[in-house]
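Visitor: The primary structure of each chain is shown beneath.
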Amino acid sequence: MGNKQTVFTHEQLEEYQVGVGVSPELAQLVWDAGSQESPQSLVCDIRLSVWVWSDWRGKRRDNPEASWFLSPQDCTFFTRKEIMRLFYRYQDLAPQLVPLDYTTCPEVKVPYELISSMPELKDNPFRQRIAQVFSQDGDGHMTLENFLDMFSVMSEMAPRDLKAYYAFKIYDFNNDDYICAWDLEQTVTRLTRGELSAEEVTLVCEKVLDEADSDHDGRLSLEDFQNMILRAPDFLSTFHIRI
Amino acid sequence: MTLCIAMSTSVASSVSTGESLSEEEMAQILEQVEEKKKLIATMRNKPWPMAKKLRELREAQAFVEKYEGALGKGKGKHLYAYRMLMTKLRVLSVSFQKWIKFKRDFDNFKTQCIPWEMKIKDIESHFGSSVASYFIFLRWMYGVNLVLFALIFGLVIIPEVLMGMPYGSIPRKTVPRAEEEKAMDFAVLWDFEGYIKYSALFYGYYNNQRTIGWLRYRLPMAYFMVGVSVFGYSLMIVIRSMASNTQGSTGEGESDNFTFSFKMFTSWDYLIGNSETADNKYVSITTSFKESIVDEQESNKEENIHLTRFLRVLANFLILCCLCGSGYLIYFVVKRSQEFSKMQNVSWYERNEVEIVMSLLGMFCPPLFETIAALENYHPRTGLKWQLGRIFALFLGNLYTFLLALMDDVHLKLSNEEKIKNITHWTLFNYYNSSGGNESVPRPPPHPADVPRGSCWETAVGIEFMRLTVSDMLVTYLTILVGDFLRACFVRFMNHCWCWDLEAGFPSYAEFDISGNVLGLIFNQGMIWMGSFYAPGLVGINVLRLLTSMYFQCWAVMSSNVPHERVFKASRSNNFYMGLLLLVLFLSLLPVAYTVMSLPPSFDCGPFSGKNRMYDVLHETIENDFPKFLGKIFAFLANPGLIIPAILLMFLAIYYLNSVSKSLSRANAQLRKKIQALREVEKNHKSIKGRAIITNSEDTLKNSSKNATQLQLTKEEPTSYSPSQIQTMDKKVKGPGSSSTNGRASQPTSRHLVGSQPPRVRPDSGQPQSQTYICRSASGKSTKRPHN
Numbered sequence: 001m002g003n004k005q006t007v008f009t010h011e012q013l014e015e016y017q018v019g020v021g022v023s024p025e026l027a028q029l030v031w032d033a034g035s036q037e038s039p040q041s042l043v044c045d046i047r048l049s050v051w052v053w054s055d056w057r058g059k060r061r062d063n064p065e066a067s068w069f070l071s072p073q074d075c076t077f078f079t080r081k082e083i084m085r086l087f088y089r090y091q092d093l094a095p096q097l098v099p100l101d102y103t104t105c106p107e108v109k110v111p112y113e114l115i116s117s118m119p120e121l122k123d124n125p126f127r128q129r130i131a132q133v134f135s136q137d138g139d140g141h142m143t144l145e146n147f148l149d150m151f152s153v154m155s156e157m158a159p160r161d162l163k164a165y166y167a168f169k170i171y172d173f174n175n176d177d178y179i180c181a182w183d184l185e186q187t188v189t190r191l192t193r194g195e196l197s198a199e200e201v202t203l204v205c206e207k208v209l210d211e212a213d214s215d216h217d218g219r220l221s222l223e224d225f226q227n228m229i230l231r232a233p234d235f236l237s238t239f240h241i242r243i
Numbered sequence: 001m002t003l004c005i006a007m008s009t010s011v012a013s014s015v016s017t018g019e020s021l022s023e024e025e026m027a028q029i030l031e032q033v034e035e036k037k038k039l040i041a042t043m044r045n046k047p048w049p050m051a052k053k054l055r056e057l058r059e060a061q062a063f064v065e066k067y068e069g070a071l072g073k074g075k076g077k078h079l080y081a082y083r084m085l086m087t088k089l090r091v092l093s094v095s096f097q098k099w100i101k102f103k104r105d106f107d108n109f110k111t112q113c114i115p116w117e118m119k120i121k122d123i124e125s126h127f128g129s130s131v132a133s134y135f136i137f138l139r140w141m142y143g144v145n146l147v148l149f150a151l152i153f154g155l156v157i158i159p160e161v162l163m164g165m166p167y168g169s170i171p172r173k174t175v176p177r178a179e180e181e182k183a184m185d186f187a188v189l190w191d192f193e194g195y196i197k198y199s200a201l202f203y204g205y206y207n208n209q210r211t212i213g214w215l216r217y218r219l220p221m222a223y224f225m226v227g228v229s230v231f232g233y234s235l236m237i238v239i240r241s242m243a244s245n246t247q248g249s250t251g252e253g254e255s256d257n258f259t260f261s262f263k264m265f266t267s268w269d270y271l272i273g274n275s276e277t278a279d280n281k282y283v284s285i286t287t288s289f290k291e292s293i294v295d296e297q298e299s300n301k302e303e304n305i306h307l308t309r310f311l312r313v314l315a316n317f318l319i320l321c322c323l324c325g326s327g328y329l330i331y332f333v334v335k336r337s338q339e340f341s342k343m344q345n346v347s348w349y350e351r352n353e354v355e356i357v358m359s360l361l362g363m364f365c366p367p368l369f370e371t372i373a374a375l376e377n378y379h380p381r382t383g384l385k386w387q388l389g390r391i392f393a394l395f396l397g398n399l400y401t402f403l404l405a406l407m408d409d410v411h412l413k414l415s416n417e418e419k420i421k422n423i424t425h426w427t428l429f430n431y432y433n434s435s436g437g438n439e440s441v442p443r444p445p446p447h448p449a450d451v452p453r454g455s456c457w458e459t460a461v462g463i464e465f466m467r468l469t470v471s472d473m474l475v476t477y478l479t480i481l482v483g484d485f486l487r488a489c490f491v492r493f494m495n496h497c498w499c500w501d502l503e504a505g506f507p508s509y510a511e512f513d514i515s516g517n518v519l520g521l522i523f524n525q526g527m528i529w530m531g532s533f534y535a536p537g538l539v540g541i542n543v544l545r546l547l548t549s550m551y552f553q554c555w556a557v558m559s560s561n562v563p564h565e566r567v568f569k570a571s572r573s574n575n576f577y578m579g580l581l582l583l584v585l586f587l588s589l590l591p592v593a594y595t596v597m598s599l600p601p602s603f604d605c606g607p608f609s610g611k612n613r614m615y616d617v618l619h620e621t622i623e624n625d626f627p628k629f630l631g632k633i634f635a636f637l638a639n640p641g642l643i644i645p646a647i648l649l650m651f652l653a654i655y656y657l658n659s660v661s662k663s664l665s666r667a668n669a670q671l672r673k674k675i676q677a678l679r680e681v682e683k684n685h686k687s688i689k690g691r692a693i694i695t696n697s698e699d700t701l702k703n704s705s706k707n708a709t710q711l712q713l714t715k716e717e718p719t720s721y722s723p724s725q726i727q728t729m730d731k732k733v734k735g736p737g738s739s740s741t742n743g744r745a746s747q748p749t750s751r752h753l754v755g756s757q758p759p760r761v762r763p764d765s766g767q768p769q770s771q772t773y774i775c776r777s778a779s780g781k782s783t784k785r786p787h788n
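Chains C and H, in that order, are what the protein sequence lines are. First residue of the first sequence: 1, per the UniProt record's numbering; consecutive thereafter. First residue of the second sequence: 1, per the UniProt record's numbering; consecutive thereafter.
Because the hints were derived from the structure by calculation, they are not lab data. The model shown is predicted, which means the values in this text are computed figures rather than measured ones. Warning: the hint list may mix true and false statements.
[Unchecked claim] Cross-link-like lysine-lysine pairs, in silico, DSS-like; alpha carbons within 25 Å at most:
#, chain 1, residue 1, chain 2, residue 2
1, H, Lys46, H, Lys88
2, C, Lys81, C, Lys163
3, H, Lys52, C, Lys81
4, H, Lys342, H, Lys413
5, H, Lys182, H, Lys413
6, H, Lys173, H, Lys342
7, H, Lys46, C, Lys163
8, H, Lys419, H, Lys611
9, C, Lys122, H, Lys121
10, C, Lys81, H, Lys421
11, H, Lys88, H, Lys101
12, H, Lys281, H, Lys103
13, H, Lys281, C, Lys163
14, H, Lys103, H, Lys121
15, H, Lys88, H, Lys103
16, H, Lys413, C, Lys81
17, C, Lys81, H, Lys88
18, H, Lys385, H, Lys101
19, H, Lys421, H, Lys173
20, C, Lys163, H, Lys38
21, H, Lys121, H, Lys101
22, H, Lys385, C, Lys163
23, C, Lys81, H, Lys101
24, C, Lys163, C, Lys122
25, C, Lys163, H, Lys103
26, C, Lys81, H, Lys46
27, H, Lys110, H, Lys98
28, H, Lys281, C, Lys122
29, H, Lys52, H, Lys38
30, H, Lys173, H, Lys611
31, C, Lys163, H, Lys37
32, C, Lys122, H, Lys101
33, H, Lys182, H, Lys385
34, H, Lys101, C, Lys163
35, H, Lys52, C, Lys163
[To be verified] On the chain C side, residues computed to face chain H include the following (Cβ under 7 Å):
#, residue
36, Cys75
37, Asp123
38, Arg193
39, Ala212
40, Glu223
Think of the CB as a built atom: it goes at the ideal place given N, C-alpha and C, for glycine as much as any other residue.
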């Protein structure tokens, strides 16, 4: 009971061992890793590795009691099972790159090319933007956490405000925190695959600005965007990726 | 957040130094703990990357754990309980999620259950909602016809087939001796003569027995009531769907304000994970954008009003002339044909003159109208309505001649009826009397095929409608096959060995003819309504027709038509189609009501034979089968003294309801206008506020800044309203050799602007250049713009 920094107590750890059935050595390893306060251990959540590991060994039993203190669940809209599934999806994208064992906190990024080839994203005209928005450095290469973040925001349970915030970022092509005419043009061109003529595109952009720009500054701020999206009847149903 | 953390650290230090906590501090800590807990609970709603969320989460957890202990609530116990609660909540939320999933699947299932939904959506994505509206109308019509079919089939045809007298038992159910030889020939059957004529498909087959079978089913009564309820149901369903359409169209006010924004930001469905679906979605989004663009362009069109008015009046005048001319032509031809019918040896042309003229008119008038309508320069949606109305007027002539010819035929047959009745009477009389002496053994009745019988005008009318429906269907299909499919094949495959470009040039591909198809459907339905009383099987044929037509036309449209040049959005309610349908329904009700009420039924065929009028069956039932007082009540109700006030009352009610609805809709429009005005005011207010802030910041900048060029730029940028100033600014920006320095100089200012409040740039004053300039320079990372 010495270390207050860790999130679980000894009793809980024992319970965890009983529930999950990992070896005491591994539990000790987890304990040690949990007590370190290094930035790496923050980035790669050690507890995830335990399930991955145990699940991989085929020893995991469903125990809701043991699952509550696993942090990624508090940060996403997924249950443990779903996170596991997402991890496997992530791992499947680049099996030679992503280790099954996350105990060593690897700094792994799956390149954008592989992310965008997922069936959920490959037909999306905004896949590049999505990957860029959710990736750490804005280059589209994603870590496991970015990956979980992305699908958490896109999940059905995410609230409208969160979705609107990220939708705004996705449609803001030049990352200047405003959707300006150029961003709108990009959006229209992608939506219609360039089927509209230049004048039509300009007209559409003008109309959008006219409708949604409440302070007449010729571009949409986040506030304008949220104001508009609040009234959209099918935003929630369309801005949603099932996985 | 940072403030909170700072506070928490100060409190933490105070705790760790071991000072005793005062009440205030306790309360403060408690508050913070609550806050942290809330943060933990809502962590997933924060738009942060995972790493940050984890860090915050850990900090919060550590904090809570530490201070809950310090507050003396048992180490971690409270937190533990809290987390257990959260787990339970999560379980709840998971079950909620499952419920949502179930609901979604159920909705999907429901959508899948709508027949042809996918087909129509497909067509809509390629050809626009106007073409799809025809198919939706067709589907609705199919539904109505299915109900009518169920009504007629279930209550009239099946009881007759199951419980009525079998074929060949009485004269009306037997093919006459003279026709027996050819009765099974295909040519005869194709004309609905022979065995088909003497089947349950037609009026004449039904017997006038009051009750049939062991159920004592009152067939004549059922026949009459079904005939009435066919019209009743159709009227009700048309009016109901009209009403619900109007309700639906007034319901969505909000989306009018954001048409383009919603299309832009919410039309892509992120769920799409199939390249074929994605292709369709791209096409459909493009189509819907084009539709809205057409609407927008039409509403913004500024033109010479006087010229347009003149052209519209001229076009209407020309079309009116055309209609009058064709009306007179029809009248003239019908007159002539009545003369021809009295003459003996007329040529083939003279016999078929009416049909030829009618089909020629039907072939050439609609394109003529369309050409003239091009003068009017209407929005395509309004243009379609006018076109529909005009062709409708033309087709009314068609209907008129058809009904006139039919009525002549009926009257001719009715006048012969008396004679035939006598002949039948005499034949039977002679047959029984010629038996001679042995009266003790009555002669067996004559074979039903040998009994002379009347012409049964009702069946003749039914056959006429049947023929018309079938030939109409065949002509439609043939036109589609030749006019669309073969043409498309020809254009497609002969293009590379032809002198000119077939696809872009003369024949090209056909467009889908919305007005013609809709009117065809409406008039066909009118035929069905008129004919179904005399040919109960007609609705069955029509159901088949609509079914095949759905598949065939869907295929034809997708395979061999091209979208209209200006894809336009259909009006949100299909009420114009419905209005035309209602008119046709009313028009087709008239002749049926006339024949039922004022023509005597044939004496030897049909369920009402032997009665003076068809509706006598009602009297009969009321008198024989209902208690006496009910009959009295009915007689009382039928009294004109009661009916006229009732009608008056109805008129009053209509007037009252109409005025109420008018005032309500006026109030609605006013409210909408108010909302619009409010929105405008809000916009203006915001922009004024923004401008005020900008001027403030400008002043402060002016005071603080030493850099002259920077000052000038700031001054000009937010107040860039006049074109001359923009020009100077543009010059500065594009100044020779100093573009890079200018860019650098402008960056801090624009950043400053972004930080404070965006400057006001009027979108309509023709300065998109400066606008984009501001926008791009404002982006701190504009160099990292993604290219696709």
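Visitor: Now, for every hint given, state plainly whether the structure supports it.
Guide: Verification of the supplied hints:
no.: 1; hint: H:Lys46 x H:Lys88; in the structure: holds, 21 Å
no.: 2; hint: C:Lys81 x C:Lys163; in the structure: holds, 23 Å
no.: 3; hint: H:Lys52 x C:Lys81; in the structure: holds, 23 Å
no.: 4; hint: H:Lys342 x H:Lys413; in the structure: holds, 15 Å
no.: 5; hint: H:Lys182 x H:Lys413; in the structure: holds, 23 Å
no.: 6; hint: H:Lys173 x H:Lys342; in the structure: violated, 33 Å
no.: 7; hint: H:Lys46 x C:Lys163; in the structure: holds, 10 Å
no.: 8; hint: H:Lys419 x H:Lys611; in the structure: holds, 18 Å
no.: 9; hint: C:Lys122 x H:Lys121; in the structure: holds, 23 Å
no.: 10; hint: C:Lys81 x H:Lys421; in the structure: violated, 87 Å
no.: 11; hint: H:Lys88 x H:Lys101; in the structure: holds, 20 Å
no.: 12; hint: H:Lys281 x H:Lys103; in the structure: holds, 24 Å
no.: 13; hint: H:Lys281 x C:Lys163; in the structure: holds, 22 Å
no.: 14; hint: H:Lys103 x H:Lys121; in the structure: holds, 22 Å
no.: 15; hint: H:Lys88 x H:Lys103; in the structure: holds, 22 Å
no.: 16; hint: H:Lys413 x C:Lys81; in the structure: violated, 82 Å
no.: 17; hint: C:Lys81 x H:Lys88; in the structure: holds, 16 Å
no.: 18; hint: H:Lys385 x H:Lys101; in the structure: violated, 43 Å
no.: 19; hint: H:Lys421 x H:Lys173; in the structure: holds, 18 Å
no.: 20; hint: C:Lys163 x H:Lys38; in the structure: holds, 20 Å
no.: 21; hint: H:Lys121 x H:Lys101; in the structure: holds, 24 Å
no.: 22; hint: H:Lys385 x C:Lys163; in the structure: violated, 42 Å
no.: 23; hint: C:Lys81 x H:Lys101; in the structure: holds, 16 Å
no.: 24; hint: C:Lys163 x C:Lys122; in the structure: holds, 20 Å
no.: 25; hint: C:Lys163 x H:Lys103; in the structure: holds, 21 Å
no.: 26; hint: C:Lys81 x H:Lys46; in the structure: holds, 22 Å
no.: 27; hint: H:Lys110 x H:Lys98; in the structure: holds, 18 Å
no.: 28; hint: H:Lys281 x C:Lys122; in the structure: holds, 14 Å
no.: 29; hint: H:Lys52 x H:Lys38; in the structure: holds, 17 Å
no.: 30; hint: H:Lys173 x H:Lys611; in the structure: holds, 19 Å
no.: 31; hint: C:Lys163 x H:Lys37; in the structure: holds, 23 Å
no.: 32; hint: C:Lys122 x H:Lys101; in the structure: holds, 24 Å
no.: 33; hint: H:Lys182 x H:Lys385; in the structure: violated, 49 Å
no.: 34; hint: H:Lys101 x C:Lys163; in the structure: holds, 19 Å
no.: 35; hint: H:Lys52 x C:Lys163; in the structure: holds, 18 Å
no.: 36; hint: Cys75; in the structure: holds, 4 Å
no.: 37; hint: Asp123; in the structure: holds, 4 Å
no.: 38; hint: Arg193; in the structure: holds, 5 Å
no.: 39; hint: Ala212; in the structure: holds, 5 Å
no.: 40; hint: Glu223; in the structure: violated, 10 Å
Going through the hint list in order, the structure does not satisfy hints 6, 10, 16, 18, 22, 33, 40.
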